[in-house]
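Just so you know, the protein sequences line up as chains A and B, in that order. Residue numbers are given in our numbering: position 108 of the first sequence equals residue 110, and the series is strictly consecutive. Residue numbers are given in our numbering: position 24 of the second sequence equals residue 913, and the series is strictly consecutive.
Note that these hints are calculated values from the structure, not bench results. Be aware that a few hints might be false.
What the hints assert, rightly or not - Cross-link-like lysine to aspartate or glutamate pairs, in silico, EDC-like; alpha carbons within 20 Å at most:
1) A:K3 x B:E941
2) A:K59 x A:D71
3) B:K960 x B:E933
4) A:K3 x B:E945
5) B:K946 x A:D71
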Amino acid sequence: KNQVEQSPQSLIILEGKNCTLQCNYTVSPFSNLRWYKQDTGRGPVSLTIMTFSENTKSNGRYTATLDADTKQSSLHITASQLSDSASYICVVSAEGGSYIPTFGRGTSLIVHP
Amino acid sequence: DTGVSQNPRHKITKRGQNVTFRCDPISEHNRLYWYRQTLGQGPEFLTYFQNEAQLEKSRLLSDRFSAERPKGSFSTLEIQRTEQGDSAMYLCASSLSFGGAPDTQYFGPGTRLTVL
């Protein structure tokens, strides 16, 4: 069964600090992995998309890594800001003719001043 | 506003009633997706369209659910005989897809459904 597990479930950090969110998956065969940011009450916003051949991708202060061998990904946030407070969702898609992504439950990040 | 729009934003209905949601994608986006999200969970894929063709349907999409994209532009999602378990946020996303490359999906604000 395809699964995506994210950790931690929630995280509280102080403004200006860095943090790393984890995503482990069992989706196979792997096609791509996406990280989304979702503010409360709003739709998700795409941060990064990585395919099998990519092991790092950055989007401003967000840097995602992918280890396809261990089936792990991380999202590193540098110099956090209050506006980073949101849920961060990892999504993994399998390769093949069909598009049926597997979503993680998300990590809830709270950045305190 | 050139983003994805969804209407209505909120819908309260009684169990057993039918409801219909509308999604207007970003202009010229050829793919349109529907997802469902319950509180504290990540979204769940329901279905997607390539232009007007419905290419995938999740097992979550029971016979009570139907989606259309008649002219390859806006889409509607209808739920018949609603149940309390249908209460959720229904999200729509659109993308411009070329070949097999992964596409960046742009999400709308969602329609929150409450079934009493």
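These are the hints, each one checked on the structure:
A threshold of 20 Å between alpha carbons decides the hint, and for A:K3 with B:E941 the separation of about 30 Å lies outside it, so the pair is violated. The suggested pairing of A:K59 with A:D71 holds, with an alpha-carbon distance near 17 Å, which does not exceed 20 Å. Between B:K960 and B:E933 the CA atoms are separated by roughly 25 Å; this puts the pair beyond 20 Å, and the hint is violated. Straight-line distance between C-alpha atoms of A:K3 and B:E945 comes to about 18 Å, which keeps the hinted pair within the 20 Å bound.
Annotation: proposed proximity of B:K946 to A:D71 is violated, straight-line Cα distance about 30 Å (limit 20 Å).
Hint compliance for this structure: hints 1, 3 and 5 are not met, and every other hint is.
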